[in-house]
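Engineer: Sequence:
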Amino acid sequence: MSSNYHYQIATAANSTAYKIDRTSTGRINRVEIEFPDGCVALVGVKIYINNVQTFPTNAEEYIRGEAETVIINSNYQLSSMSEIKIEVKNEDVTYQHSPIIRIYISERFNGLNDRSVRPSIHPLVKMHKKENTGFGNVIIDTLKDIFKGGLRGW
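Just so you know, we're using our numbering here: the sequence shown kicks off at 1 and counts up by one.
Hints are not guaranteed to be accurate.
As the list claims (entries may be wrong) - Lysine-lysine pairs mimicking BS3-like chemistry, simulated, CA-CA at most 25 Å apart:
1. 85 to 19
2. 19 to 46
3. 85 to 46
4. 89 to 46
5. 89 to 19
Source of the hints: derived by calculation from the structure; they are not laboratory data. Note that the coordinates shown come from a computational prediction; the quantities given were computed from them, not determined experimentally.
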């Protein structure tokens, strides 16, 4: 399961605009910031998670661009009900600009009960249990150690 957040933030000339939203627990996999033609690096974007500047990581800077999409691959873990604040600063004294920000969040990984992982491991464990080799239990014990008990129902 994943959530995709999409914002187009119109920012008047020589001003700063903010968008605040809340998310559930998960992991930010990717952030895309689309700067339309005409921004000429006069428009900057910062993203805060729970009031901590997260993108970019250098505090005094903004992500800037001109007729391009800046892509940030991430593995940032969100806590339960995280607050995302997007700051858009427009230093153009004449024109309004509207960058588009997309944030892709995947559901929190739930050990080997994650539906995307379990199908690939389950047949191997089942086969060894059926043959009563004892190896199935070794696999389960090893995976339990790796995933800290994420093998409910095996």
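Engineer: Determine for every hint whether it applies to the structure shown.
Structural biologist: Going down the list of hints, with the structure as the test:
no.	hint	result
1	85 to 19	6 Å, holds
2	19 to 46	11 Å, holds
3	85 to 46	8 Å, holds
4	89 to 46	9 Å, holds
5	89 to 19	12 Å, holds
Violation of the numbered hints given earlier is absent; every hint is satisfied by the structure.
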